[in-house]
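If you want the building blocks of each chain, they are given just below.
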Amino acid sequence: MRVKLGSLGVAFSLLGLILVAFIAWPLIKTGISSRPGELWETILDPEVRGAIGLTFYAAAIATGVGLVLGVPLAYILARHRFPGKALIQGLIDLPIVVPHTAAGIALLLVFGRQGFLGRAFEAVGVRFVSSLPGIVVAMLFVSVPFLVNAAREGFSAVDERLERAARTLGAGPWATFFQVALPLAKRGILSGAILMWARGLSEFGAVMILAYHPMTAPVLLYQRFESYGLSYARPLVVWILITTLAVFLALRMVGRRG
Amino acid sequence: MKGASLVLEDLRVKAGSFLLSGVDLRVRGGGYLVILGPTGAGKTVLLEAVAGLRRPAAGRVLLGGEDVTPLPPERRNVGYVFQDHALFPHLSVFGNIAFGLRLRRLPRRELARRVEGMARLLGIEKLLPRRIEGLSGGERQRVALARALVIQPRALLLDEPLSSLDPARRQELQRLLEHLHQELLPTVLHVTHDFEEAVALGEEIAVLQEGRIAQVGPAEEVFRRPATPEVAEFLGARNVLSGQVSPDGRRFKLDGTELEVVSRLSGPAHAAVRPEDILLSLSPIATSARNCLRGRVMGIERKGPLVYVTVDVPPTFIVAITPESLSELGLAEGMEVYLSFKASAVHVF
Chain V
5 MRVKLGSLGV
15 AFSLLGLILV
25 AFIAWPLIKT
35 GISSRPGELW
45 ETILDPEVRG
55 AIGLTFYAAA
65 IATGVGLVLG
75 VPLAYILARH
85 RFPGKALIQG
95 LIDLPIVVPH
105 TAAGIALLLV
115 FGRQGFLGRA
125 FEAVGVRFVS
135 SLPGIVVAML
145 FVSVPFLVNA
155 AREGFSAVDE
165 RLERAARTLG
175 AGPWATFFQV
185 ALPLAKRGIL
195 SGAILMWARG
205 LSEFGAVMIL
215 AYHPMTAPVL
225 LYQRFESYGL
235 SYARPLVVWI
245 LITTLAVFLA
255 LRMVGRRG
Chain R
1439 MKGASLVLED
1449 LRVKAGSFLL
1459 SGVDLRVRGG
1469 GYLVILGPTG
1479 AGKTVLLEAV
1489 AGLRRPAAGR
1499 VLLGGEDVTP
1509 LPPERRNVGY
1519 VFQDHALFPH
1529 LSVFGNIAFG
1539 LRLRRLPRRE
1549 LARRVEGMAR
1559 LLGIEKLLPR
1569 RIEGLSGGER
1579 QRVALARALV
1589 IQPRALLLDE
1599 PLSSLDPARR
1609 QELQRLLEHL
1619 HQELLPTVLH
1629 VTHDFEEAVA
1639 LGEEIAVLQE
1649 GRIAQVGPAE
1659 EVFRRPATPE
1669 VAEFLGARNV
1679 LSGQVSPDGR
1689 RFKLDGTELE
1699 VVSRLSGPAH
1709 AAVRPEDILL
1719 SLSPIATSAR
1729 NCLRGRVMGI
1739 ERKGPLVYVT
1749 VDVPPTFIVA
1759 ITPESLSELG
1769 LAEGMEVYLS
1779 FKASAVHVF
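Chains V and R are the protein sequences, given in the same order.
According to the working numbering, the first sequence is numbered sequentially starting from 5.
According to the working numbering, the second sequence is numbered sequentially starting from 1439.
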C-alpha cells in the first residue's frame, strides 16, 4: 500500500535523512578511503588480529558473567516489591551515565593492587590491572545495565498467571523459572545480551584505565592514532567496523530465529 | 480417578483490603459444588487459597482428610482452570497438556498415551501439534481443562469456565463439563456469577457475598428459600424447577405436573419462570397462555413494592403481584387459585 506523502511526511523524511547521512557518511568514507593493499597488510599484523580477538573474547566473557549474575537480579526486579528496590534500579542504571574514564578509576580503587577485591583476588592468583580479568571487569561494569534492563522488561512481559498455572501443575519455583519464565523472557534476555556484548566491545575509557595492556581493539586504535596519525589508524577502523558488524548481524539473525 | 473430598474449615483469606472470612465448605469426593456470587465477592481468592496460591490468614484446607494448608501449590495436586486459561504460549497444545506429566517424570510412551487419551475425551486430538496462538476461546478452554485433568488432580478448580464463551459454545462446554464429571468423577469446585451455570452443573450451590458464604444447598432450595434478603436480592426471586424435556422440546415433565415449553433441548434440564411472568386468578381463564395450573396459597409476603404469593401446585411457585391485586382478589392462605403463564415464559436450560 502506498500513501501519498503530505507536508509532514516530506519534512520528517528530510530531517530523518540528514541523521541517516550523518551516521552513514563517516563510516562509508572510512571504508572507501582505505586501499585494499593497506587493509590486507593490516589484517596480517598479529597485533591487530590479537587485539580484535581479545576484544571479542573479553566482551563475551563479560556477557557470560552478566547473564549469570544479571538474569536472576532482573527476575527479582520484575517479580518482587521490596524496600530499596528503586535504589537498586537506579544503581543499575548508573554506569550508563557515569563518564567511563570515571568508571575506570572507580574500578581501579576496588580492583587495583591496593583495592580490597584486588588484594583478595591476588591471593588466588587473579590480577586485574593490565590483564584480561581487568578488561572483563571494565566491560562488565559499563555494559551490564543493558542486559539487566532488557531482561527485566522481558520478565515483566511474562504473565504471572502462567507461572501460577505451572505451580498448580506440580512445578516448584525452580522448575517454574526454567520452564516458564525463562523461555518466555528468552527474546528479551537474548537481545539484552547482544546489546551488552556490543557495548562491551566498544568500551574504551574504563578499559584503558584498568588495563591499557593487553590491548583491545579500541585501545590499539587510540595508541596508533596518537603515535602515528590518521592514515595509520584508518585501516584498523575499517576492520573493527567489518568484524563488529558481521558478528552483530549474525547474532541478530540467530536471535530472531530463536 | 475419583477425586478426594474437599473440606474448607473456617477459612480466612486476606487479599489487599479484601477479606474472605469464615468459609466452611464441604464437597464429597467426586462431588460438584458451584460457588455463585457477584463480581468482587471473593470467588477467585477462595480458589487461590484452595490451590495454595494464596496463604490463608486462618483456617484449614483438607483434601481427602489430609491438611494441605501448609503445602505449596506444587505439592497439592489440585487442577486449576484459570479464567483466561493461562496456557503456555511457548508450548504446543500437546506440550501444554503434557506439562504436569513431564514434571512427574512419566515414561515417554505412558505420557503420550495419557495426553492423547485426555485430548480424545475433550475432542481436541486434532489440535495436539498446534500452537496456542490461533486457537479459539472454546478450544483454549478445552486445552486448559485437559491440562488440569490429565494430572488426575485430587480436586478440580474452575474459575468462571464459561464466561468467556459465546452462548452456543457455552451450552456445548456446559454439556462437556457434565460429561467429564460423570466420566472422571473429579471433585469440582466451580465458581461463577451465572445462575444458569450454577443450577445446571452444581449438585449444590454455595452463595458467596462480600467474602462470606451466605447459603449452601441444592439449587432449587437456594432459589426457593434464600437464607437472607441479600441472597434473595442477588438471585432475584425465581421459580427454578428440575425435570425432563420431551424429545420434541415442547414439554417439560416434573414431579406430578407437565409444562408446555419452547426449547431446543431435550432430556434432563432445568426450567425457570419469573414470578412477574405468572398470572394469578381465582378461576381458570381463557388466554393464550399454554400453562394453566391449579394450586393452593401457602403464604403471602410483602417485599418492597410487590407482594410475593407462594402457591403449592405442587411444585411450589412464587408469584409476584401488586398490593392492589392482593386486596382486589382478597387472597388468603389456603385459598384455591389458578396460575397461568405462556410457554415462552418458561426458560429451559
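Just so you know, these hints were derived from the structure itself, not from any lab.
If you're wondering where the values come from, they're calculated on a predicted model, not measured in any experiment.
One or more hints might be untrue.
Simulated crosslink set (SDA-like; lysine to any residue; CA at most 20 angstroms straight-line) [to be verified]:
no. : chain 1 : residue 1 : chain 2 : residue 2
1   : V       : 190       : R       : 1527
2   : V       : 190       : V       : 208
3   : R       : 1741      : R       : 1695
4   : V       : 190       : R       : 1569
5   : R       : 1452      : V       : 85
For each hint, the structure was consulted:
{"no.": "1", "hint": "V:190 <-> R:1527", "in the structure": "13 angstroms, holds"}
{"no.": "2", "hint": "V:190 <-> V:208", "in the structure": "29 angstroms, violated"}
{"no.": "3", "hint": "R:1741 <-> R:1695", "in the structure": "29 angstroms, violated"}
{"no.": "4", "hint": "V:190 <-> R:1569", "in the structure": "18 angstroms, holds"}
{"no.": "5", "hint": "R:1452 <-> V:85", "in the structure": "18 angstroms, holds"}
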